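If you read the sequences in order, they're chains A and B.
The first sequence begins at 20 in the working numbering and counts up one residue at a time.
The second sequence begins at 20 in the working numbering and counts up one residue at a time.
It is worth saying that the hints were derived from the structure and are not from the lab.
As the structure is a prediction and not an experimental result, all values here were calculated from the model.
A hint or two may mislead.
Treat identical chains as interchangeable: a pair holds within one or across any two.
Think about it this way: if two alpha-carbon atoms lie no more than 25 Å apart in a straight line, the pair counts; the simulated DSS-like pairs of lysine-lysine are [said to hold, decoys possible]: (1) K294 with K242; (2) K294 with K253; (3) K193 with K144; (4) K186 with K39; (5) K153 with K103; (6) K256 with K153; (7) K68 with K103; (8) K127 with K48; (9) K224 with K170; (10) K197 with K235; (11) K186 with K235; (12) K170 with K264; (13) K286 with K144; (14) K224 with K197; (15) K127 with K294; (16) K39 with K253; (17) K72 with K267; (18) K253 with K286; (19) K186 with K40.
Chain residues, written in single-letter form:
2 protein chains.
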Amino acid sequence: MKIGIIGLGLMGGSFALALKKRFKDRDEKLDVIGYDHNDQHCLEALELKIADKITDDIQDLFNLDLIVLTIPVNAILKILPELKGISTDTTIIDFGSTKEKIVNAIPKEIRANFVASHPMTGTEKFGPKAADRKLYRGKVVVICNSEDNDKEHLKFAKDIFRDIGMKIFYMDAKEHDKHAAYISHMPHAVSYALSNAVMNQENPKAVLALAGGGFKDMSRIAKSSPNMWIDIFKQNKDNLLTATKHFKDELNMLEEYIENDEWESLKSWIEKANKLHEIL
Amino acid sequence: MKIGIIGLGLMGGSFALALKKRFKDRDEKLDVIGYDHNDQHCLEALELKIADKITDDIQDLFNLDLIVLTIPVNAILKILPELKGISTDTTIIDFGSTKEKIVNAIPKEIRANFVASHPMTGTEKFGPKAADRKLYRGKVVVICNSEDNDKEHLKFAKDIFRDIGMKIFYMDAKEHDKHAAYISHMPHAVSYALSNAVMNQENPKAVLALAGGGFKDMSRIAKSSPNMWIDIFKQNKDNLLTATKHFKDELNMLEEYIENDEWESLKSWIEKANKLHEIL
Numbered sequence: 020m021k022i023g024i025i026g027l028g029l030m031g032g033s034f035a036l037a038l039k040k041r042f043k044d045r046d047e048k049l050d051v052i053g054y055d056h057n058d059q060h061c062l063e064a065l066e067l068k069i070a071d072k073i074t075d076d077i078q079d080l081f082n083l084d085l086i087v088l089t090i091p092v093n094a095i096l097k098i099l100p101e102l103k104g105i106s107t108d109t110t111i112i113d114f115g116s117t118k119e120k121i122v123n124a125i126p127k128e129i130r131a132n133f134v135a136s137h138p139m140t141g142t143e144k145f146g147p148k149a150a151d152r153k154l155y156r157g158k159v160v161v162i163c164n165s166e167d168n169d170k171e172h173l174k175f176a177k178d179i180f181r182d183i184g185m186k187i188f189y190m191d192a193k194e195h196d197k198h199a200a201y202i203s204h205m206p207h208a209v210s211y212a213l214s215n216a217v218m219n220q221e222n223p224k225a226v227l228a229l230a231g232g233g234f235k236d237m238s239r240i241a242k243s244s245p246n247m248w249i250d251i252f253k254q255n256k257d258n259l260l261t262a263t264k265h266f267k268d269e270l271n272m273l274e275e276y277i278e279n280d281e282w283e284s285l286k287s288w289i290e291k292a293n294k295l296h297e298i299l
Numbered sequence: 020m021k022i023g024i025i026g027l028g029l030m031g032g033s034f035a036l037a038l039k040k041r042f043k044d045r046d047e048k049l050d051v052i053g054y055d056h057n058d059q060h061c062l063e064a065l066e067l068k069i070a071d072k073i074t075d076d077i078q079d080l081f082n083l084d085l086i087v088l089t090i091p092v093n094a095i096l097k098i099l100p101e102l103k104g105i106s107t108d109t110t111i112i113d114f115g116s117t118k119e120k121i122v123n124a125i126p127k128e129i130r131a132n133f134v135a136s137h138p139m140t141g142t143e144k145f146g147p148k149a150a151d152r153k154l155y156r157g158k159v160v161v162i163c164n165s166e167d168n169d170k171e172h173l174k175f176a177k178d179i180f181r182d183i184g185m186k187i188f189y190m191d192a193k194e195h196d197k198h199a200a201y202i203s204h205m206p207h208a209v210s211y212a213l214s215n216a217v218m219n220q221e222n223p224k225a226v227l228a229l230a231g232g233g234f235k236d237m238s239r240i241a242k243s244s245p246n247m248w249i250d251i252f253k254q255n256k257d258n259l260l261t262a263t264k265h266f267k268d269e270l271n272m273l274e275e276y277i278e279n280d281e282w283e284s285l286k287s288w289i290e291k292a293n294k295l296h297e298i299l
């Protein structure tokens with residue numbers, strides 16, 4: 020099998036490593052061609068055996084079995100018109116964290132072979148050196164608007180996802196973006212705000228010396244790359260602002276209970292939050 | 020050595036298990052007497068070998084080498100007047116998450132032997148069954164207002180903390196409570212609010228099915244016990260409200276940048292948050 024990876028960072032690198040391991044275990048051949056505007060990342064991807072070959076001509080990818088788009092969401096929007104010439108035999112998968120604007124922008128020539136996906140995994144790290152072949156194992160991938168896909172391309176994409184150990188969910192792109200705002204995009208905004216609230220203290224080092232597991236967990240994603248996240252915030256602006264508003268409503272409620280010594284109401288409010296335990 | 024543990028939950032149980040392991044490794048004898056209003060917890064503590072004996076008469080602890088108070092902060096305030104009769108040879112350590120009200124309420128008869136401490140560790144779990152002998156290893160403990168301690172009692176407490184692998188910091192109780200609001204109490208409030216924002220969605224299960232590592236990390240402490248945390252919020256009310264206000268100021272800033280498409284300002288704001296990486 021021959022695949023092309025557009026974007027040799029954490030997501031693309033981890034995907035290539037995961038698939039290579041599966042193919043190696045079965046003694047099957049997998050060729051990975053990498054494409055990335057960042058020359059340093061191209062070199063690192065070769066060194067780390069993420070890619071077997073690098074090309075700077077995107078048309079070299081147009082007749083492969085699979086192309087994976089693992090670039091920031093605005094870069095996906097920008098590159099889509101260039102992909103019109105891809106063979107209708109090539110399955111295309113994108114890994115963008117927002118989906119509505121992307122599915123609306125897929126050129127009609129490649130709509131049937133373009134499987135719009137969002138793997139619900141990642142870390143605060145980035146670049147090929149952050150790649151981890153276990154990143155996708157046991158994680159959820161959401162496939163959006165699959166009714167617009169050719170059945171064979173959809174099946175091929177699903178087989179690949181299952182091969183690297185993922186659980187598949189299906190969702191409308193609009194619904195995906197709303198849910199993703201609550202479960203991923205707003206939490207990133209909250210983590211950045213938490214980090215800044217501490218970094219603005221007179222002596223942040225003294226405060227951070229006291230950090231236990233709770234703060235470390237809550238601030239981990241505040242280390243995430245601004246370029247990637249500004250793109251996501253841009254593309255999912257309205258849903259994100261609705262989610263941060265709902266989050267602030269909840270925090271205001273806690274503040275009011277505490278200010279007014281309404282401890283019984285605060286207890287019920289916390290017990291509601293505790294119920295997360297039953298689901299997650 | 021004979022020690023008494025007042026409060027046989029996660030913190031007290033983990034402390035006893037950690038110390039027992041150290042003593043066993045050195046072939047030394049350690050007797051642990053447990054005291055807890057919850058009969059079920061007393062039984063579990065015996066079964067789990069957290070305590071060797073249980074007493075319901077607090078005076079049985081008054082002539083031991085060490086007493087550790089591992090009960091919620093308001094329970095510490097309530098029990099303090101009952102502890103006046105403790106021998107001046109007994110070292111007392113409390114593990115309360117707030118410190119100013121506690122140090123102000125220590126009876127003068129036991130002030131010299133009472134080492135006010137806050138170990139910066141814990142989990143969202145509670146009860147003796149949650150006890151973990153590695154809970155304290157490598158973690159920070161803050162000792163407050165140590166200038167009010169007798170040197171020998173302070174040294175004894177420090178030796179115990181170092182024995183179970185902790186790093187010691189010293190701080191004024193007032194300063195501790197301010198810092199703890201930012202690094203621990205406000206983050207708990209934020210995590211509860213995050214959980215409630217999702218639990219209030221029409222179909223929380225569908226949203227939570229998409230949870231990746233980021234959301235899981237950020238919502239973990241939203242599973243923490245309401246009783247313990249309401250006590251902490253009560254005792255550190257003013258500092259907590261100041262910290263949540265600063266946090267909301269930061270989140271409002273993000274919202275404003277996004278609403279007004281001020282992407283360059285948002286980038287600088289995120290890059291500031293990223294700097295946490297250099298310290299933590």
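Right, here's what the structure says about each hint:
1. K294 with K242: For K294 and K242, only the inter-copy Cα distance (7 Å) is at most 25 Å; the intra-copy one is 28 Å.
2. K294 with K253: Between copies only: 22 Å across chains, 32 Å inside a chain, cut-off 25 Å.
3. K193 with K144: neither (28 Å within a copy, 37 Å between copies)
4. K186 with K39: within (19 Å within a copy, 44 Å between copies)
5. K153 with K103: neither (32 Å within a copy, 57 Å between copies)
6. K256 with K153: neither (31 Å within a copy, 43 Å between copies)
7. K68 with K103: neither (29 Å within a copy, 69 Å between copies)
8. K127 with K48: neither (32 Å within a copy, 77 Å between copies)
9. K224 with K170: neither (55 Å within a copy, 28 Å between copies)
10. K197 with K235: between (27 Å within a copy, 18 Å between copies)
11. K186 with K235: between (28 Å within a copy, 17 Å between copies)
12. K170 with K264: Answer is neither: 40 Å inside a copy and 52 Å across each miss the 25 Å cutoff.
13. K286 with K144: Result: close only across copies, 17 Å inter versus 37 Å intra.
14. K224 with K197: For K224 and K197, only the inter-copy Cα distance (14 Å) is at most 25 Å; the intra-copy one is 37 Å.
15. K127 with K294: neither (44 Å within a copy, 43 Å between copies)
16. K39 with K253: Neither. Shortest intra-copy (34 Å) and inter-copy (55 Å) distances fail the 25 Å Cα cut-off.
17. K72 with K267: neither (48 Å within a copy, 48 Å between copies)
18. K253 with K286: Classified as between; 12 Å across copies, 37 Å inside a copy.
19. K186 with K40: Answer is within: at 18 Å inside a copy they meet the 25 Å cutoff, but 42 Å across does not.
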